[in-house]
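In the working numbering, each number is its position in the sequence shown, counted from 1, plus 25.
Simulated from the structure, these hints should not be mistaken for laboratory data.
Don't take every hint at face value.
Said to hold, decoys possible - Lysine-lysine pairs mimicking BS3-like chemistry, simulated, CA-CA at most 25 angstroms apart:
#1 K310 - K91
#2 K90 - K310
#3 K368 - K186
#4 K91 - K302
#5 K222 - K90
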Amino acid sequence: MRDWFVLSRVSAGFIAVLVGYTSSAVIVFQAAASAGASEQQITSWLWALGIGMGATSIGFSWYHKKPILTAWSTPGAALLVTSLSGLSVNQAIGAFLFSSLLITLVGLSGLMDKLIRWIPQSVASAMLAGVLLQFSLQLFQSLESQLILVASMVACYLIGKLYAPRYVMLITLLVGIATAYSLNLLELSSVTLELAKPVWISPSFSWQAMLGVGLPLFVVTMASQNMPGIAALHGNGYRPAISPLISWTGIVGMLLAPFGGFAFNLSAITAAICMGKEADEDPSKRYFASIWAGVFYLLVGLMGATVVSLFAAFPQELVVAIAGLALISTIASSLSTALVSSKGREAAVITFLVTASSLNLFGIASAFWGLSLGLLVHYLFSGDEAAAIVKQSREAGNKA
């Protein structure tokens with residue numbers, strides 16, 4: 026029992042969950058709202074995400090004795106904010122199921138590496154940057170309506186990046202709340218303390234939603250979340266079997282999608298907190314930190330109703346600002362990856378521009394069109410590379 030209650034392990038797990046929620050829970054809140062979800066349904070979304078992340082983090086870490094932390098797909102949530110407009114919440118659930126099914130099939134088939142090779146990192150990163158661009162634009166647009174509030178958060182973010190980068194989003198959120206309180210912008214009377222109740226939402230399947238939302242959600246989750254998560258594990262010397270982990274995140278996603286669990290994936294940023302020396306000097310014992318993170322995920326998920334009421338008490342500008350600031354680093358990293366090489370840069374730029382344009386054709390959102398046009402341009406200008414990928418895939422299939 027002494028192993029369980031080591032302060033560094035408990036605190037690392039708590040900080041990982043706290044950073045994860047304070048940096049991107051507002052984006053999940055916006056995603057659910059953009060689908061037209063009711064307050065009870067939004068509560069159910071947070072319940073499903075907390076239960077799914079908690080169960081997988083505890084199960085993976087305990088079984089493999091390695092610090093394996095899962096998370097919701099933050100870029101996926103950002104994509105949903107811009108892509109779910111015009112769709113019903115039932116169609117959104119159908120798209121979630123489709124995306125999780127694809128993730129499950131990729132894991133079960135062992136085709137993950139082959140599939141990712143078909144989607145160049147530059148194109149996937151450009152699509153992600155295009156999806157996220159609107160958030161940071163809204164951040165600065167909100168200066169017009171709440172100059173003091175948003176400017177104080179931006180200033181805190183910049184200073185925090187210099188002196189306390191690990192906790193910058195938490196500090197920025199606290200400064201934003203304090204500033205909003207001083208300006209009488211908080212509606213604290215609406216905050217209630219209650220347990221979340223899962224709400225079943227029957228899925229409705231439409232090809233527009235599956236192609237415009239489900240497919241891009243799958244690509245973003247795999248390329249921008251699972252791949253960095255795998256890299257984080259390998260970079261810290263942990264090499265569990267990856268395909269079963271991917272399969273289980275997809276299966277859990279299918280089970281919880283009707284309650285709002287839109288996507289689950291291996292974590293990279295928050296997982297790094299549980300993989301560092303701060304969690305434990307002994308690398309073989311750090312999995313206790315990710316198990317604790319799973320416990321805190323479960324607790325926060327059960328209190329989803331309180332989380333919803335708390336965010337509802339915040340002014341819209343605070344929510345927009347914290348979301349925009351949280352995604353600046355991801356946008357910068359995505360653009361850097363997309364444009365680092367001159368080869369394929371044109372395809373990446375086209376992907377970025379089409380995705381950021383909010384184009385909607387035939388009821389299909391811009392992320393799909395950006396990805397499709399980007400891949401078309403990439404392979405038109407990279408015929409030799411496409412042939413090489415086909416040859417590698419065939420050789421791998423023959424060996425299997």
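Here is how each hint holds up against the structure:
| no. | hint | verdict |
| --- | --- | --- |
| 1 | K310 - K91 | holds (8 angstroms) |
| 2 | K90 - K310 | holds (8 angstroms) |
| 3 | K368 - K186 | violated (32 angstroms) |
| 4 | K91 - K302 | holds (14 angstroms) |
| 5 | K222 - K90 | violated (32 angstroms) |
Checked against the numbered hints given earlier, this structure breaks hints 3, 5; the rest are met.
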